[in-house]
Amino acid sequence: MAEAGRRRGPTGKPRYSILALARNALSYHENWQAAWRSPEPKPSYDAIVVGGGGHGLATAYYLASVHGIRNVAVLEKGWIGGGNTGRNTTIIRSNYLWDESAAIYEHALKLWEGLSQELNFNLMFSQRGVITLAHSEHELKEMRRRVEAIRLNGIDTEVLSTADVKKLVPIINTDQGIRHPVMGGFIQRRGGTARHDAVAWGYARAADDLGVDIIQNCEVTGFLKDGNGAIEGVETSRGTIRSKRIGCVAAGHSAVLADLAGFKLPIQARPLQALVSEPIKPVIDTVVMSNAVHMYISQSDKGELVLGAGTDSYNSYAQRGSLNIIEHQLAAACELYPIVSRLRVLRTWGGIVDTCPDASPIVSRTPVDGLYFNCGWGTGGFKATPGSGHVFADLMARDRPNPVAAPFTLERFKGGYLIDEHGAAGVAH
Amino acid sequence: MAEPQTPTARTPLDGYTGPIGGPSDAGVVLGEVRFQGKLNLRGNPDDAAFRSAVTGAVGVEPPITPGTVAAVDDRAILWLGPDEWLIVTPTGDETALRAALDAALAGLRASTVDVSDNYTTIRIGGPKARWVLAKGWPVDLHPKAFGPGRVVQSNLALTNVILRQTDDAPTYEILVRPSFAKYLWDWLTDASLEVGCRIDAA
Amino acid sequence: MMLIPCPWCGPRDDSEFAYGNQAHIARPSDPASTSDQEWAEYLYFRDNPKGPFAERWMHAAGCRRWFHVVRDTNSHVILQVYKVGEWPDPALGVGPANKES
Amino acid sequence: MANQSNRLAAGGRVDRRRPLVFRFDGRRLQGYAGDTLASALLANDVHLVGRSFKYHRPRGILGLGSEEPNALIQLGRGNRTEPNLRATQIELFDGLDAHSQNRWPCLRFDVGAVNSAFHRLFPAGFYYKTFMWPASLWSTYEEVIRHAAGLGRAPEGPDPDRYERMHAHCDVLIAGGGPAGLAAALAAGRSGARVILADEQAEFGGSLLGDDDVTIGGTPAVDWVAEVVAELESMPEVTLLRRATVNGYYDHNYLTIAERVTDHLGVGLPTVPRQRLWKVRAGRVVLATGAIERPLVFRDNDRPGVMLSTAVRGYAVRYGVLAGRRPLIVTGNDDGYRTAFALADRQARVAGIVDLRTDPIGPLVAEAKNRGIEVLAGHSVTATHGGRRIEAAEIAPMTADGSGLAGSTRTLECDVIAMAGGFNPTVHLFSQSRGKLRWDGERAAFLPGTSHEAEVSVGGCAGTSSVTQAIKDGIKAGLDQVRALGHTARQPAAPAVEEHGQGETRPLWLLPSTQPVGRKGKHFVDFQNDVTAADLMLATREGYRSIEHVKRYTTTGMGTDQGKTSNVNALAIVGQSLGVDVPAVGTTTFRAPYTPTTIGAYGGRDVGHLFAPTRTTAMDPWHRANGAKFEHVGDWMRAWYYPKAGETFRQAVDREVTVARNGVALLDASTLGKIDIRGGDAAEFLNRVYTNAWAKLGTGRCRYGFMLKEDGMVMDDGVTTRLADDHFHMTTTTGGAARVMNWLEEYLQTEWPEMDVRLTSVTEQWAVASICGPKCRELLGRLCSDIDLGNDAFPFMAMRDGTVAEIPARVFRISFTGELSFEINVPTRYGLALWEALMTAGADLGITPYGTEAMHVLRAEKGFIIVGQDTDGSVTPLDLGMDWIVSKSKPDFIGKRGLARPDLHKPDRKQLVGLLTEDPTFVLPEGGHVVETVKPKPPMAMLGHVTSSYYSPSAGRSIAMALVKGGHARKGQTLYVPLEGRTIPVTVAGTVFFDPEGSRRDG
Ligand SMILES: Cc1cc2nc3c(=O)[nH]c(=O)nc-3n(C[C@H](O)[C@H](O)[C@H](O)COP(=O)(O)OP(=O)(O)OC[C@H]3O[C@@H](n4cnc5c(N)ncnc54)[C@H](O)[C@@H]3O)c2cc1C
Ligand SMILES: NC(=O)c1ccc[n+]([C@@H]2O[C@H](COP(=O)([O-])OP(=O)(O)OC[C@H]3O[C@@H](n4cnc5c(N)ncnc54)[C@H](O)[C@@H]3O)[C@@H](O)[C@H]2O)c1
Ligand SMILES: Cc1cc2nc3c(=O)[nH]c(=O)nc-3n(C[C@H](O)[C@H](O)[C@H](O)COP(=O)(O)O)c2cc1C
Ligand SMILES: [Zn+2]
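First to last, the protein sequences are chains S, F, H and B. Each residue of the first sequence is one higher than the one before, counting from 28 in the working numbering. Each residue of the second sequence is one higher than the one before, counting from -17 in the working numbering. Each residue of the third sequence is one higher than the one before, counting from 30 in the working numbering. Each residue of the fourth sequence is one higher than the one before, counting from 250 in the working numbering.
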């Protein structure tokens, strides 16, 4: 990170800038290089990252940039960023309840600040603030608990009155007579959004620049173990690839991979749906989340309202959910933001999220030596992308938990020390 | 039907439904059925002793086909689950009926609970009743799929109810928990706006 | 919106049901003799296959009975529905076959 | 007012007797009933209707219906305004007020058009490459980007209109009412099956409405349509939905239909929904959604006046509007010829037919020659001219493979270009249902392949290009589907159809020009998002090779039209650029909704007072009438406190607490969960679900119990009473009622089905008034003569049946306040009567109702916990210091094994303690955190947080409970609660603040 803004890769790709744009305009943009290569997989690597989402690509990038491990492959069964990285509502914040969570998400948020420059890719990281609303006396009390914890953890937070909320979000319904009136809220001003696809692409380009092979359309279908049961490599749809250090960062497919590796995870794959409206001129300048009215909203730079809510209740790998979730979410949208009912839903979709019993992630060694898992980020891991990649690379490089990641071991399920973020995750994100 | 007099018994919709009346060509007719005796019945339908005990005490054989109602005169038994029924009987009758049932069921793995006040009943009828219900009711009520003598439990709008068709008009009786009754009433009158609604003494 | 056939009430929208996750996980008969690891597995660790899955559902808005469904988690196709105490069709290859228990 | 200069003297389906006046950008114009805004604008020779998203290029109307990418309109004003409506779908009404979008200050002179001048700086994805330095300026850049982006404007205030939802069930749902859909509906409907036929247009007929060269049964096709519709209308089991877009296809044949009920009237009706979302569960589905014509990708193909061929023809035939008098046809199939003839028949002078095919043959080609229309075979359009309207096209002959030019260019003047690039079957719904598409090389189109649902596609959406075939296939599908459901049906005779064939299509994805793509001019692929062929090529060059990457990098297909006209062209161009064929590129994912659908329609009536149920108790009318303030507890409205005139919250609560301790006070406790438990194993069941022992509880006695989850964490608590040997009455927390009931049922049904236990929820069977305070026995005595209320006869933790105020009652002597207290349960119908009787009988005793806040204070004074407030799912009974409630001797209960896990016994766990502030008047905020060492500023290590905190009138000071790491061992320690601006020292204490000996509960 110290070298922010320097391209330091062996491939020496030209940097992006307005000048580069102008220069390339003269040659009709015919001379841009590929942001990342599409190499054939080598027979073996020093490390393999399974899963080309934001977390996996970040892991590879930090393995190369922080730990100097550059002979790394990222294996992606489809196209990079095509998992949850490409389908999330992009909310970024670090105002979590428990110390352990606050530490890891704040670690990530600090990395976000400056990441566009470090990666030389505009991630459109927009610190427009994330507001969480309270709609009852009970929620006000819960909020106070969270706000105090966040503040004492040294993370920025500010309590908002109903009037403050109205000032920041003029389209919100602050009528106190409604079923779930806005009774206040709190804001993390450093929170916000980022352009999700760019995160995958930016990390991919920077990792590629450091020599990492990004291999798409390469599905891991099995694991190779040596006589002692330690990891030796993977079987893939593109053949066998060997490595003694493998990290799985497959989000919704983590359980499938664990199954291939011969153990179970405390993970369930659930559909989480989201949707966007047609683009309109700016009407909402922050991200607003609400538990009681169960939905959250922001507006992308392109103008769509981006809305989400909770998961469907059943296990699924189908990247789609049931309509009733959308109905409730949009009724909630009309209730809180009455102007939106005439606006139109443009597109709905679903992702598969890996949910843990305590709504906290797993960044851990596994029963198989040399095999590491980073998963369980569930409905809220986009915000963690840089931090997660950073600590996971550290774990993979040194085979001992990074202090920030240490609480998030698989062991906690045995001992019972869970980090129950259900309350703080609420509608998640 | 005699209403309990002293002290004052009230239904959840007392004073809430507005005055009786409305357009004669209204698409739906709504009203609250004041006080019915209701007993929750549990037991094993495969046990002949249980069936005959119930039949003896109630005068109605408990239906074993899911979603059906068996009725004789003013007593009806509604299927609620494979080992659960709701007995509906005129108000005031429930205490004696329950005593009779408990006696008949003694020694069996079966029991009754008085739930007369755990639900109130909203009646909806009229040519557009099905149209109005469909706005919040996911189950098919088309005559090919449903009819008099049938009962079904599901969610009506945001409440959980037991719905029973009583005649071909069609008329439906909706059993709803008292705390949700005002919400459901509001919902029904709102959903009826389009077709017109008359309030009836049920 | 899936259509889930309740073994008693017939096919109904999935919004009427509560989900109960993997089927045929028996509570250990003698919890005291389980190890911490075994108890953790009972508490938290469930199969999560992509494909046919024997799972539990409860008809929450209807008859309130728990029952079992074999459902393909990838296609949402429902392959079998059966009652508590019954077992999945061995041909579906989803966990415990019909056995004494 | 303009004079509809482009309106033909006769013809079309508009009602010339009903002229309508409307406004476009303030200009008053006239059209007719039956027009769309688009046809009316074209009738008035208005082609320039908008500016493009990125470059602000002038744009006109491209299509005829929902596929339109360009003509996006802001309709209406104020709270009823709507952005981004397609002019091609807005039905004209009197007084319609439309505005163009994405331009400032006005459509003709748009400042944003400077973007066009700098267009070369804005290739696909340019923003990822810039605006990074200096980092601090990004938020400024972003502000500018945000304001430049977005299309129309949101309404200014709350929506005055209604939206509804509607469930429906049918045997067969048919999407699309063109010839295929109508035929299917007829065949299915005649069997008596329940059929729903939905079409997104105002009229059924589909493509037949826009063609006048097709006859069915010897008469114009529209007559056949009218006959079929009339017959369908006469069938009681057939539902015809017009203006109804089948917009979503979900699992197990669940589909949604967005019906626009009153939009075309231009006014909202107070009782009728503006729009209605149908949610249909269909036995079978027939998709008959037709096909969408493909534009052609040539240089500057976006000028106003460049339109789809079927659209130009449709405006002429269906609306009697000649979009231009000098049309140029550019076609890859015979369909373009039909347009040429339809226009020529209406006094247009066709500038020529540019046919992409090298050697077109067939009757239509011959007819063109007969009519004297020049056919320019094997030609490409190499450029276009014009500003706000197309004026001319340059054309040149192509090499045989279509990749380059083979001759010099020539200029043709024209005022409209009709593009006939071939057809893309509308497979959107099929794909949404997870059917697999297959590429048909001959038709150069994606067709429905393998179905996933019980569904079939027919007609244009299945690749059929003839009406004859569409009707035949429709009939077959209708029959097959109802027969599959067990209906008997007879086959209707297929009528004789006369029509033109479509000939062969030459798919030429990118027309060659005089310069390489990207060098000069722009070859638009996605008109709405301003994505050009050069952008697509740039993306692949930069490594964005997956079509999903191309989509996201260039935004092609991501506009409000979701690429209905552009997607296949984009795939093909990407394929060319990567050197692979179209199926290897694949498609992006089709998602609901098919066309954008209002948020209001999805939300329906679950808004305002119907947003969520509010549950109320039997006594609620009294609380309301007596000025109670309420708080929401779950779905319940509970009386929070009862202020007297002039009282503050604190004064009211202090008063209520004081009366409860010194006189008699009354609480509405009806919301507590109640479960009737029956059966021979009931006691054993309680033994398993509670932590303490239940077997020996005597009949008529009550016991407090804790329920844990299997992980050992506190889940719920409550008092349960033995009514008989095999009969218990359980209470749960208000919020936990449903959860506990389901939890217990689950264990019974799935773990212990052999147990003889039956549960019935009786929460609402009973209304509960809880009286407390030293005078409450006296009060109860006045109303109850059949229970001996003496301490010996009716001890603490006992229950008696009796009569209170002439009401049959169950009276429990339990106390959540530490005072003498009775909980009187009566059937709900008498709840209010009981309450009134107590208030009357207690008047001279000073009876005072108290709300939930005073209840909280009273219980906290005694150190009683509230699950969910003093616990949060991570707290064990041991953490609460309540080891006494956890049986050591029972071999098992739910949570016992979980509780034995090592981490749950660590000494540094958060444990419940009391906190006393130095300043007895200072009430700590709940949620405040406790630290051992105060630092000048955060971060500082936290020990835990304050869970409950009140001013206690009984103790005469503030009291608090907190979960504190290792708290039980810290009694007497001074800790700190750092608040914003000040730090409060506190002493760790026990959790009982009043009457520690428990001397008051017997009165
Ligand atoms: C609708 C929705 C909204 C969300 N909103 C937010 C939000 O607002 N804020 C927030 O912080 N988080 C949010 N999340 C969560 C967030 O998206 C995820 O936690 C995060 O993106 C996970 O990143 P990842 O890189 O681990 O996973 P992914 O991006 O899913 O990457 C995992 C990759 O692994 C690949 N893979 C899987 N199996 C294999 C295999 N066998 N071989 C090779 N590759 C494989 C997949 O194809 C995939 O590309 C949301 C999620 C969804 C679905
Ligand atoms: N596939 C081709 O190559 C092709 C090309 C040109 C014309 N056609 C013509 O198409 C006709 C085939 O008839 P057809 O009935 O299949 O198509 P059609 O175009 O006549 O009718 C389709 C109808 O479906 C409606 N529709 C589309 N999507 C909808 C949705 N999601 N919800 C509700 N309505 C929707 C449209 O409004 C239209 O009325 C023939 O006349 C044929 O000549 C086909
Ligand atoms: C923040 C965000 C904004 C989006 N905006 C748009 C949009 O403007 N137009 C669009 O078509 N899709 C938009 N999408 C949705 C994607 O097209 C797509 O549905 C999503 O990435 C999931 O992929 P899938 O639908 O291909 O499975 C957006 C997605 C996200 C996460
Ligand atoms: Zn059922």
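Be careful, since some hints might not be right.
As the list claims (entries may be wrong) - Only pairs whose alpha carbons sit at most 30 Å apart, straight line, appear in this in silico DSS-like list of lysine-lysine:
(1) B:Lys945 <-> B:Lys1137
(2) B:Lys1184 <-> H:Lys112
(3) B:Lys769 <-> S:Lys329
(4) S:Lys271 <-> H:Lys112
(5) B:Lys1184 <-> B:Lys1137
(6) S:Lys252 <-> H:Lys112
(7) B:Lys1184 <-> S:Lys137
What the hints assert, rightly or not - Okay, the calculated bits of chain F under chain H, using three or more residues with CB under 8 Å as the criterion:
(8) 12 to 20
(9) 126 to 138
The set of hints was computed from the structure by calculation and includes no laboratory data. Just so it is clear, CB atoms sit at the ideal spot from N, CA and C, and this is done for glycine as well.
Quick rundown of the hints versus the structure:
1. For the proposed pair Lys945 (chain B) and Lys1137 (chain B), the alpha carbon gap of about 16 Å is at most 30 Å, so the pair holds.
2. For a cut-off of 30 Å, the pair hint linking Lys1184 (chain B) to Lys112 (chain H) is broken: about 61 Å separates their Cα positions.
3. About 27 Å separates the Cα atoms of Lys769 (chain B) and Lys329 (chain S), which keeps this hinted pair within 30 Å; it holds.
4. Taking the CA atoms of Lys271 (chain S) and Lys112 (chain H), the gap is near 46 Å; set against the 30 Å cutoff, the hint is violated.
5. Between Lys1184 (chain B) and Lys1137 (chain B) the alpha-carbon distance is near 43 Å, which puts this suggested pair outside the 30 Å criterion.
6. For a cut-off of 30 Å, the pair hint linking Lys252 (chain S) to Lys112 (chain H) is broken: about 41 Å separates their Cα positions.
7. For the hint linking Lys1184 (chain B) to Lys137 (chain S), the alpha-carbon distance of about 22 Å falls within 30 Å, and the restraint holds.
8. Look at the segment 12 to 20 of chain F against chain H: 0 of its residues bring a Cβ nearer than 8 Å to a Cβ of that chain, fewer than three, so the hint is violated.
9. With 4 residues having a beta carbon nearer than 8 Å to a beta carbon of chain H, the segment 126 to 138 of chain F meets the requirement of three or more and the stated coverage holds.
Hint compliance for this structure: hints 2, 4, 5, 6 and 8 are not met, and every other hint is.
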